[in-house]
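A.B. asks: Chain residues, written in single-letter form:
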Amino acid sequence: MKVVHSWLKEYVGEALPEADRVEELLTFHAFEVEGTELVGEESVIEVKVLPDRASDCLSHRGIARELGSILNVPLQSDPLTVPITLPSTDKVSVAISDTNACPRFTATLFANITIQESPQWLQQRLLALGQRPINNVVDATNYVMFALGQPMHAYDADKIPQVDGVRHLGVRFASAGETVSLLAEGGKNEDRVVTLQGTELLITAGANDGPIGLAGVKGGRFAELTPTTKHIIIEAAHFDPATIRKTARRHNILTDASKRFENAPAVQLPLYAQQMIATLLQDIAGGECQGICDVYAPKAALPPVTVSVATVRRLLGLSLTASEVEQFLLRIGAKVTTIQEGVFSVEAPFERTDLVGEENYVDEVGRLHGLSAIEGVMPTAVPLREINSLQYYSDRVRVALVELGFSEVITSSFQKKGEVQLQNALASDKSYLRDTLRSTITTVLDTNHAYADRLGLTAIRVFEIGTVFHKTSEGVSEHVALTMGVRTKGNGYTAKDDVLLRESIVALEAVLGVSGEWQLEKGVAELHFSALVASLPVPTAYHPFSKQADVTYQKVSPFPAISRDIALFVPANEQVEIVATELVNTAGALLVRHTLFDTYTKEGRTSYAFRLVFQAPDRTLTDDEVATIMEQIYHVVQQKGWEVR
Amino acid sequence: MNIPRGHQHPITQMITEINSIFSEIGFVFTEGPEAETEAYNFDRLNVPKDHPSRDMQDTFWFKSTDVLEPMVLRTHTSPVQARYMEKHEPPIRIIVPGKVFRNEATDATHEAQFYQLEGLYIDKDVHLGHLKGTLEYFFSRFFSGKTEVRFRPSFFPFVEPGVEVDMRLLEGNGKLVGKWIEVMGAGMVHPNVLRGCNIDPAHYSGFAFGMGIDRLGVMKYGVEDVRDYYTGDLRFVNQF
Numbered sequence: 001m002k003v004v005h006s007w008l009k010e011y012v013g014e015a016l017p018e019a020d021r022v023e024e025l026l027t028f029h030a031f032e033v034e035g036t037e038l039v040g041e042e043s044v045i046e047v048k049v050l051p052d053r054a055s056d057c058l059s060h061r062g063i064a065r066e067l068g069s070i071l072n073v074p075l076q077s078d079p080l081t082v083p084i085t086l087p088s089t090d091k092v093s094v095a096i097s098d099t100n101a102c103p104r105f106t107a108t109l110f111a112n113i114t115i116q117e118s119p120q121w122l123q124q125r126l127l128a129l130g131q132r133p134i135n136n137v138v139d140a141t142n143y144v145m146f147a148l149g150q151p152m153h154a155y156d157a158d159k160i161p162q163v164d165g166v167r168h169l170g171v172r173f174a175s176a177g178e179t180v181s182l183l184a185e186g187g188k189n190e191d192r193v194v195t196l197q198g199t200e201l202l203i204t205a206g207a208n209d210g211p212i213g214l215a216g217v218k219g220g221r222f223a224e225l226t227p228t229t230k231h232i233i234i235e236a237a238h239f240d241p242a243t244i245r246k247t248a249r250r251h252n253i254l255t256d257a258s259k260r261f262e263n264a265p266a267v268q269l270p271l272y273a274q275q276m277i278a279t280l281l282q283d284i285a286g287g288e289c290q291g292i293c294d295v296y297a298p299k300a301a302l303p304p305v306t307v308s309v310a311t312v313r314r315l316l317g318l319s320l321t322a323s324e325v326e327q328f329l330l331r332i333g334a335k336v337t338t339i340q341e342g343v344f345s346v347e348a349p350f351e352r353t354d355l356v357g358e359e360n361y362v363d364e365v366g367r368l369h370g371l372s373a374i375e376g377v378m379p380t381a382v383p384l385r386e387i388n389s390l391q392y393y394s395d396r397v398r399v400a401l402v403e404l405g406f407s408e409v410i411t412s413s414f415q416k417k418g419e420v421q422l423q424n425a426l427a428s429d430k431s432y433l434r435d436t437l438r439s440t441i442t443t444v445l446d447t448n449h450a451y452a453d454r455l456g457l458t459a460i461r462v463f464e465i466g467t468v469f470h471k472t473s474e475g476v477s478e479h480v481a482l483t484m485g486v487r488t489k490g491n492g493y494t495a496k497d498d499v500l501l502r503e504s505i506v507a508l509e510a511v512l513g514v515s516g517e518w519q520l521e522k523g524v525a526e527l528h529f530s531a532l533v534a535s536l537p538v539p540t541a542y543h544p545f546s547k548q549a550d551v552t553y554q555k556v557s558p559f560p561a562i563s564r565d566i567a568l569f570v571p572a573n574e575q576v577e578i579v580a581t582e583l584v585n586t587a588g589a590l591l592v593r594h595t596l597f598d599t600y601t602k603e604g605r606t607s608y609a610f611r612l613v614f615q616a617p618d619r620t621l622t623d624d625e626v627a628t629i630m631e632q633i634y635h636v637v638q639q640k641g642w643e644v645r
Numbered sequence: 646m647n648i649p650r651g652h653q654h655p656i657t658q659m660i661t662e663i664n665s666i667f668s669e670i671g672f673v674f675t676e677g678p679e680a681e682t683e684a685y686n687f688d689r690l691n692v693p694k695d696h697p698s699r700d701m702q703d704t705f706w707f708k709s710t711d712v713l714e715p716m717v718l719r720t721h722t723s724p725v726q727a728r729y730m731e732k733h734e735p736p737i738r739i740i741v742p743g744k745v746f747r748n749e750a751t752d753a754t755h756e757a758q759f760y761q762l763e764g765l766y767i768d769k770d771v772h773l774g775h776l777k778g779t780l781e782y783f784f785s786r787f788f789s790g791k792t793e794v795r796f797r798p799s800f801f802p803f804v805e806p807g808v809e810v811d812m813r814l815l816e817g818n819g820k821l822v823g824k825w826i827e828v829m830g831a832g833m834v835h836p837n838v839l840r841g842c843n844i845d846p847a848h849y850s851g852f853a854f855g856m857g858i859d860r861l862g863v864m865k866y867g868v869e870d871v872r873d874y875y876t877g878d879l880r881f882v883n884q885f
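Order-wise, the sequence lines are chains R and S.
Residue numbering for the first sequence follows this note's numbering, starting at 1 and increasing by one per position.
Residue numbering for the second sequence follows this note's numbering, starting at 646 and increasing by one per position.
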């Protein structure tokens, strides 16, 4: 929600600090703030109103009230405390077919309207919010919505059929297949016909209840304003939030109105909105309000909430006094009655539909007081009640397999084919859940073998411990699988892979003290790990954790690596580290790995064979570049008196 | 020739470390299903049906023909709170590290699957100060330096009051030192959630928190793209 600083000031008064301080107050007492931008002369603050406060704070008055509570100042001007002075009229009638779906519908009739441009001040405020001014009447409805959070709609009253001088409006559910022609986005002159399913609420007109708008979502073309419109009807209603939400989502018409209606603004708001727009239209459109038709089926008011100071203290960890708690409750505009020492009966101001339980008031007190006052307290240490077998044995497996040269991967749970398909997949190649880790482990082996030199490995060894999913008569079942894979050759599986894999499985089983039912095929072996863990003894303590030295990760270069081998004869007493350091220093930053792959000593000389891997972080290396580096290496090696074989 | 040691994935390394830090103060490592019922993933956590707060987490759904009741890939580890509370009497101290799923476009800071860490502490007289103390203890250990924590107001349906948690490392010379960083959502367990698990909110209270483990790794190791965790690329894994 964007709010204009000067607009807030109109309600809060001179006590309102500058925009940067407003940001800070909101951040630590109410809502996150995205930032402030200057639009023309106006400071516009972007507030991320929390979902529970979308009922009252998608409005300038709501944010202003919040700031007043935080600053502990009463609002200088509060549009929700003005007296409602609109006379009632019998020139408009409203029939509501379902008062659960529409508990309130108000319609005001205006005469002598002159449609024209809005005055500058109004245009500026709308522009500051990123809204395009349209004409004085439409702008006024938008203005009131941004002021109070109550969406409104204007109809050309002369297009509403009259019976005996009465303009008849209605609210009813659509019938399936019925259509309604809606106003286009951004004032475009085009028909936008929506075919309805029957769950949508419609605004209708005339004796035949023909649709003139999609209730709470978008107005229709039928009674659209024109430059010559003289009489208008302004709607301010209250609809069932879930109905509006479903309609907006089903037809993908998300509007400022639907966003507010689906968050249950107060049912009292329509009257205040009508009062505000009546004054405004008189000023900017010459409109004379003929009166209001208010059809309202009030629900029983929520009972007051009992708030005990003991609960407030117990949950916040703050030692507040009863009178301090009372003061905070008064600051939000609640009515507070003391029932007994330290226990209050609290009635929320009508616009705060979010305040329904004691916990909500605890939250109010906490944030108004300031959460920074809460001191950290360590819970008393207690002995660990239980050791988790899956975690314990997963860790045992990880430690054992890492010792055996296996690296752990975590791969995607989604795949192209499988048993269990998702209702709403991310992409067509990710529409199934994996029922085995086998295929992703095979892919991981394929991919990584190409990096073997870069990794300094002759064989790729990987494992994963992860959840797999199956379809059963009982629904979808899941278990944890342990899958290992070995790949020695780049062009795919060879029989040697299985031999190495079997050796590793034997070694792993020796550590665990149990043998499992492995499904071994083509260099990949999988085990029902959940079942294996269930068969193992219940652990009594985790192995002590030893903190590793800090690792700072380097982004993997997406560019290919180039390998070169070099074998050297050096005097038998020459340390391999000395030789390696010489190579590394000469090769420079493009050398990303060196691996000693062969050593032998003969006739007083030692031969060291290294594989050197070159890679650039920002480009594909050329053979020429690498050849130049190798020439430098040969040169240095010769100077050292070593012999390149 | 000797086989060089392999490497443990940074996510599971972090989970092992997290578990060691929390087990010292009695938090029990707990798990739950990744294929979760709608009831546990939302309803039991006080997330009303047809309510905008369900939009906070875009959800993968199972096909209705495959399941006996509506099921989702869990969007958070929070359902395990309810599952554990139903079967255990307070005092309760658990952590739940696990994989979660969100149906959203992926980029360097968002993956459709990632790891979350849930924490829950229910006892008599547990308050927000305990949450702060526990988190300061955890971050100080995890980031190897004294760390302070601050709260900002926030909203999650399953807690009230709900807070956003920022942390600031006070010591050392790493990139994190001295900066406030938003790390997680937390709060006091909503009485509706407690009541739903037959725990009387008049006698017991508790805190819950949830944070992304992937994000902890971004801070701890400097991982730049969270998608790198799940590529199976050993050029990534073998750095850890």
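Take the hints with a grain of salt, since some may be wrong.
Stated by the list, open to error - The calculated DSS-like cross-link candidates involving lysine-lysine, where the alpha carbons are at most 27 Å apart (straight line), are:
{"id": "1", "chain 1": "R", "residue 1": "Lys555", "chain 2": "S", "residue 2": "Lys694"}
{"id": "2", "chain 1": "S", "residue 1": "Lys744", "chain 2": "R", "residue 2": "Lys471"}
{"id": "3", "chain 1": "S", "residue 1": "Lys732", "chain 2": "R", "residue 2": "Lys430"}
{"id": "4", "chain 1": "R", "residue 1": "Lys522", "chain 2": "R", "residue 2": "Lys430"}
{"id": "5", "chain 1": "R", "residue 1": "Lys547", "chain 2": "S", "residue 2": "Lys791"}
{"id": "6", "chain 1": "R", "residue 1": "Lys471", "chain 2": "S", "residue 2": "Lys824"}
{"id": "7", "chain 1": "R", "residue 1": "Lys547", "chain 2": "S", "residue 2": "Lys824"}
{"id": "8", "chain 1": "S", "residue 1": "Lys732", "chain 2": "S", "residue 2": "Lys694"}
{"id": "9", "chain 1": "S", "residue 1": "Lys694", "chain 2": "R", "residue 2": "Lys299"}
{"id": "10", "chain 1": "R", "residue 1": "Lys2", "chain 2": "R", "residue 2": "Lys259"}
{"id": "11", "chain 1": "S", "residue 1": "Lys708", "chain 2": "R", "residue 2": "Lys417"}
{"id": "12", "chain 1": "R", "residue 1": "Lys246", "chain 2": "S", "residue 2": "Lys824"}
{"id": "13", "chain 1": "R", "residue 1": "Lys417", "chain 2": "S", "residue 2": "Lys744"}
{"id": "14", "chain 1": "R", "residue 1": "Lys522", "chain 2": "R", "residue 2": "Lys496"}
{"id": "15", "chain 1": "R", "residue 1": "Lys2", "chain 2": "R", "residue 2": "Lys246"}
{"id": "16", "chain 1": "R", "residue 1": "Lys48", "chain 2": "S", "residue 2": "Lys791"}
{"id": "17", "chain 1": "S", "residue 1": "Lys824", "chain 2": "R", "residue 2": "Lys416"}
{"id": "18", "chain 1": "R", "residue 1": "Lys547", "chain 2": "R", "residue 2": "Lys602"}
{"id": "19", "chain 1": "R", "residue 1": "Lys555", "chain 2": "R", "residue 2": "Lys640"}
{"id": "20", "chain 1": "R", "residue 1": "Lys555", "chain 2": "S", "residue 2": "Lys732"}
{"id": "21", "chain 1": "S", "residue 1": "Lys708", "chain 2": "R", "residue 2": "Lys555"}
{"id": "22", "chain 1": "S", "residue 1": "Lys824", "chain 2": "R", "residue 2": "Lys48"}
{"id": "23", "chain 1": "R", "residue 1": "Lys471", "chain 2": "R", "residue 2": "Lys522"}
{"id": "24", "chain 1": "R", "residue 1": "Lys2", "chain 2": "R", "residue 2": "Lys48"}
{"id": "25", "chain 1": "R", "residue 1": "Lys230", "chain 2": "R", "residue 2": "Lys91"}
{"id": "26", "chain 1": "R", "residue 1": "Lys430", "chain 2": "R", "residue 2": "Lys417"}
{"id": "27", "chain 1": "S", "residue 1": "Lys694", "chain 2": "S", "residue 2": "Lys708"}
{"id": "28", "chain 1": "R", "residue 1": "Lys416", "chain 2": "S", "residue 2": "Lys708"}
{"id": "29", "chain 1": "S", "residue 1": "Lys732", "chain 2": "R", "residue 2": "Lys547"}
{"id": "30", "chain 1": "S", "residue 1": "Lys694", "chain 2": "R", "residue 2": "Lys259"}
As the list claims (entries may be wrong) - Restraint ranges, calculated between C-beta atoms of paired labels, are given here:
{"id": "31", "chain 1": "R", "residue 1": "Asn491", "chain 2": "S", "residue 2": "Ala684", "range": "44 to 54 Å"}
{"id": "32", "chain 1": "S", "residue 1": "Ala684", "chain 2": "R", "residue 2": "Gly40", "range": "43 to 53 Å"}
{"id": "33", "chain 1": "R", "residue 1": "Pro383", "chain 2": "S", "residue 2": "Glu827", "range": "18 to 28 Å"}
Note that these hints are calculated values from the structure, not bench results.
We put the CB at the ideal spot given by N, CA and C, even for glycine.
A.B. asks: Each of the hints needs a verdict: does it hold here or not?
C.D. replies: Now for the hints, and whether the structure bears them out:
1. Taking the CA atoms of Lys555 (chain R) and Lys694 (chain S), the gap is near 43 Å; set against the 27 Å cutoff, the hint is violated.
2. Simply put, Lys744 (chain S) and Lys471 (chain R) have alpha-carbon atoms about 20 Å apart, close enough for the 27 Å limit, and the pair holds.
3. Only pairs whose Cα atoms come within 27 Å are accepted, and Lys732 (chain S) paired with Lys430 (chain R) is rejected, the gap being roughly 35 Å.
4. A threshold of 27 Å between alpha carbons decides the hint, and for Lys522 (chain R) with Lys430 (chain R) the separation of about 24 Å falls inside it, so the pair holds.
5. Using a Cα cut-off of 27 Å, the hinted pair Lys547 (chain R) and Lys791 (chain S) holds, with the two alpha carbons roughly 16 Å apart.
6. For the proposed pair Lys471 (chain R) and Lys824 (chain S), the alpha carbon gap of about 48 Å is over 27 Å, so the pair is violated.
7. Distance check on the hinted pair: Lys547 (chain R) and Lys824 (chain S) sit about 24 Å apart at the alpha-carbon level, within 27 Å; holds.
8. Annotation: proposed proximity of Lys732 (chain S) to Lys694 (chain S) holds, straight-line Cα distance about 25 Å (limit 27 Å).
9. With a C-alpha separation of about 21 Å, the suggested pairing of Lys694 (chain S) with Lys299 (chain R) holds against the 27 Å cut-off.
10. Pair hint Lys2 (chain R) plus Lys259 (chain R) holds up; C-alpha atoms about 14 Å apart against a cutoff of 27 Å.
11. As the CA atoms of Lys708 (chain S) and Lys417 (chain R) are separated by approximately 15 Å, the hinted pair is consistent with the 27 Å bound.
12. Pair hint Lys246 (chain R) plus Lys824 (chain S) does not hold up; C-alpha atoms about 42 Å apart against a cutoff of 27 Å.
13. For the given pair, Lys417 (chain R) sits about 21 Å from Lys744 (chain S) by alpha-carbon distance, which is consistent with the 27 Å threshold.
14. Taken as a hint, the Lys522 (chain R) and Lys496 (chain R) pair is honoured in the structure, with Cα atoms around 10 Å apart against an allowance of 27 Å.
15. Between the alpha carbons of Lys2 (chain R) and Lys246 (chain R) the distance comes to roughly 25 Å, so the proposed pair stays at or under 27 Å and holds.
16. Proposed proximity of Lys48 (chain R) and Lys791 (chain S) is contradicted: the alpha carbons are some 31 Å apart, above 27 Å.
17. This hinted pair does not check out: Lys824 (chain S) and Lys416 (chain R) have alpha carbons roughly 43 Å apart, beyond 27 Å.
18. Under the criterion of a C-alpha separation no larger than 27 Å, the hint pairing Lys547 (chain R) with Lys602 (chain R) is inconsistent with the structure, at around 43 Å.
19. Under the criterion of a C-alpha separation no larger than 27 Å, the hint pairing Lys555 (chain R) with Lys640 (chain R) is inconsistent with the structure, at around 35 Å.
20. Distance hint between Lys555 (chain R) and Lys732 (chain S) is unfulfilled; the C-alpha atoms sit about 45 Å from each other, more than 27 Å.
21. The straight-line distance between the Cα atoms of Lys708 (chain S) and Lys555 (chain R) is roughly 39 Å, outside the 27 Å bound, and the hint therefore fails.
22. As the CA atoms of Lys824 (chain S) and Lys48 (chain R) are separated by approximately 22 Å, the hinted pair is consistent with the 27 Å bound.
23. In summary, the hint linking Lys471 (chain R) to Lys522 (chain R) is supported, as the alpha carbons are separated by about 26 Å, within the 27 Å threshold.
24. Between the alpha carbons of Lys2 (chain R) and Lys48 (chain R) the distance comes to roughly 9 Å, so the proposed pair stays at or under 27 Å and holds.
25. Our distance criterion of 27 Å between C-alpha atoms is met by Lys230 (chain R) and Lys91 (chain R), whose separation comes to about 15 Å.
26. Proximity of Lys430 (chain R) to Lys417 (chain R) is assessed by CA-CA distance (about 8 Å); at most 27 Å being required, the pair is judged to hold.
27. Between the alpha carbons of Lys694 (chain S) and Lys708 (chain S) the distance comes to roughly 19 Å, so the proposed pair stays at or under 27 Å and holds.
28. In summary, the hint linking Lys416 (chain R) to Lys708 (chain S) is supported, as the alpha carbons are separated by about 16 Å, within the 27 Å threshold.
29. For the hint linking Lys732 (chain S) to Lys547 (chain R), the alpha-carbon distance of about 34 Å lies beyond 27 Å, and the restraint is violated.
30. For the hint pairing Lys694 (chain S) with Lys259 (chain R), the CA-to-CA distance comes to about 16 Å; that is within 27 Å, so the pair holds.
31. In this structure the supplied range 44 to 54 Å holds for Asn491 (chain R) paired with Ala684 (chain S), their Cβ-Cβ distance being about 50 Å.
32. Hint check: Ala684 (chain S) to Gly40 (chain R), Cβ distance near 51 Å, so the stated range 43 to 53 Å holds.
33. Pro383 (chain R) and Glu827 (chain S) have their C-beta atoms about 34 Å apart, which leaves the hinted 18 to 28 Å range violated.
When the structure is compared with the earlier hints, violations turn up for hints 1, 3, 6, 12, 16, 17, 18, 19, 20, 21, 29, 33 and for no others.
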